[in-house]
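**Student:** Residue-level listing of the chains:
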Amino acid sequence: MAEVPKKLTIPAEEHICSGHLACQGCGAVLAMRYALKALGPNTVYTVPACCWSVIDGPFPYTTLGVPLFHIAFEAAAASAAGLAAGLEMVGKEDVNVVAWAGDGGTADIGIQALSGAAERNDNIMYICYDNEAYMNTGVQRSSSTPWGAWTTTTPARHFKKRPKKNLVDIMVAHQIPYVATAAIAFPEDVLKKVNKAKQIKGTKYLQIFASCPPGWRMAPEYAVKSVRMAVNARVWPLLEVDNGVYTITRKPRKPLPVADYLRLQGRFSHLTEEQVEEIQQMVDHNWERLLFLEKSTHEMAGIPLEEKKKTKEPDK
Amino acid sequence: MTEKVEIRGARDMPPMAKSLGRMSWNKTGSWRNVTPVIDYDKCTSCMLCWKFCPDLAVTCADPPEIILEYCKGCGVCAEECPVDAIVMREGL
Ligand SMILES: Cc1ncc(C[n+]2csc(CCOP(=O)(O)OP(=O)(O)O)c2C)c(N)n1
Ligand code: SF4
Ligand code: SF4
Ligand SMILES: [Mg+2]
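Chains as they are written, first to last, in my numbering: chain A, 1 to 316; chain B, 317 to 408.
There may be inaccurate statements among the hints.
Unchecked claim - Here are the computed distance ranges between Cβ atoms for each label pair: (1) P257/A x A326/B: 56 to 62 Å; (2) M329/B x P257/A: 52 to 58 Å; (3) N121/A x A326/B: 40 to 46 Å; (4) V4/A x V321/B: 28 to 34 Å; (5) R324/B x H270/A: 49 to 55 Å.
What the hints assert, rightly or not - Reference excerpt, derived from the structure (chain A facing chain B, CB under 10 Å, subset only): (6) K6; (7) L68; (8) W147; (9) P187; (10) A219; (11) I248.
Read the hints as simulated data drawn from the structure, not as lab findings.
Ideal Cβ placement from N, Cα and C applies to all residues, glycine included.
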């Protein structure tokens, strides 16, 4: 066999295998692949109903190289909290307990259990892969679906008229030690944040933006490109919130127009120019809000805000 | 393990909800209707195709190779290749 190339920017070792049941170009698989590269084999997952319940394979087979518990839709955080408590009782302190759920299972159906675990600051990592709808059951609107999007329950003529629920701020309000966002187009950043979260005791919340080509009405080859565009258009800002202190971890030098991001996906194809402009304004407003939060929370904590090197790569 | 564990009846089931094997027996290459082809004259072994393949169907080797047994033909590798060394050919 040819030798392992030297230029790798993420570890070569894989903890998931080929043969899984995800659609062509599934971003949720990439999210899992990168997260596990950081977590390593000493990890246990609890997964509520979501595409990953199917992707992993039918009983008695599995795709992951680590234990995975299939559990009820609303119970991701509760079951992880129980596992963490059990492991603590038998003196196993070095196991990463991860609740892994979709955006529907997080922002809607599992939010009560998640809020409970976060309020208790249970020692778990909660990772939501966010594809902005209930994909496994055929693309129904979730509270994480953005304004303007088509889904089967918000058809084009009655597209979603409410903004995406801001789960990051909801989790920050619980005063847990670590909250972060990531995106599958930036694997090194996913690894960095999961690695950091792994070292922290208490509740850690990560939300990974992950494409779903069928649900986004998009060609599968754009699975990574679309997510990169979401970040570079500031639709999905990459953030880190350490004990309440906000840091924007990627500041696109020349942000893409939101229209470029929307154009790739059929779920936004019904929007008029005015409506696209409306989305641009929401995105700009949110960015301003984040810059303000970054500045003010750093000031309040007495931490100097280091001027991040502007990204050198082209913001394509 | 790439062999499928055959379950013929209750007797073959594990004693508890425990998996008996990995999904790698499932050769997803049959899902494909377009096939990536790497032009090795252009390939710089940057490994972006390996990094972004959702099906782990690109070998982590210099130079990378497509594992046709599993490749579902999504086209992500071709789209992400910075030097356009991968083209998607019609058919298996
Ligand atoms: C209590 C309950 N209600 C509804 C369902 C049906 N169901 C299974 S998966 C799913 C969608 C999950 O959406 P999300 O959490 O966003 O994950 P995704 O499928 O998008 O990966 C639904 C509605 C269920 N399994 N249990
Ligand atoms: S429906 Fe979407 S999230 Fe689910 S497996 Fe397919 S691509 Fe992945
Ligand atoms: S076409 Fe898709 S599945 Fe096949 S090697 Fe490329 S990225 Fe992987
Ligand atoms: Mg979803």
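**Student:** Hints first: check each against the structure and report whether it holds.
**Tutor:** Taking the hints in turn, this is what the structure says about them:
1. Separation of P257/A from A326/B is about 59 Å and conforms to the stated range, judged on CB atoms against 56 to 62 Å.
2. At roughly 55 Å, the beta carbons of M329/B and P257/A sit within the given window of 52 to 58 Å.
3. Distance hint for N121/A and A326/B: a CB-CB separation of about 44 Å, consistent with the stated range 40 to 46 Å.
4. Against the hinted window of 28 to 34 Å, the Cβ-Cβ separation of V4/A and V321/B comes to about 30 Å, which satisfies the hint.
5. Take R324/B and H270/A: their Cβ atoms lie about 51 Å apart, and the range 49 to 55 Å holds.
6. The interface hint given for K6/A holds, since its Cβ lies 8 Å from the closest Cβ of chain B, which is under the 10 Å cut-off.
7. Of the supplied interface hints, the one on L68/A holds, with its beta-carbon coming within about 8 Å of a beta-carbon of chain B, less than 10 Å.
8. Restraint check, W147/A versus chain B: the minimum CB separation of about 27 Å is more than 10 Å; hint violated.
9. A cut of 10 Å between beta carbons decides the hint on P187/A: the least distance to chain B is about 6 Å, and the hint holds.
10. Interface restraint check: A219/A against chain B, minimum CB-CB distance 7 Å, threshold 10 Å, status holds.
11. Because the closest C-beta pair between I248/A and chain B is about 24 Å apart, greater than 10 Å, the hint is violated.
Checked against the numbered hints given earlier, this structure breaks hints 8, 11; the rest are met.
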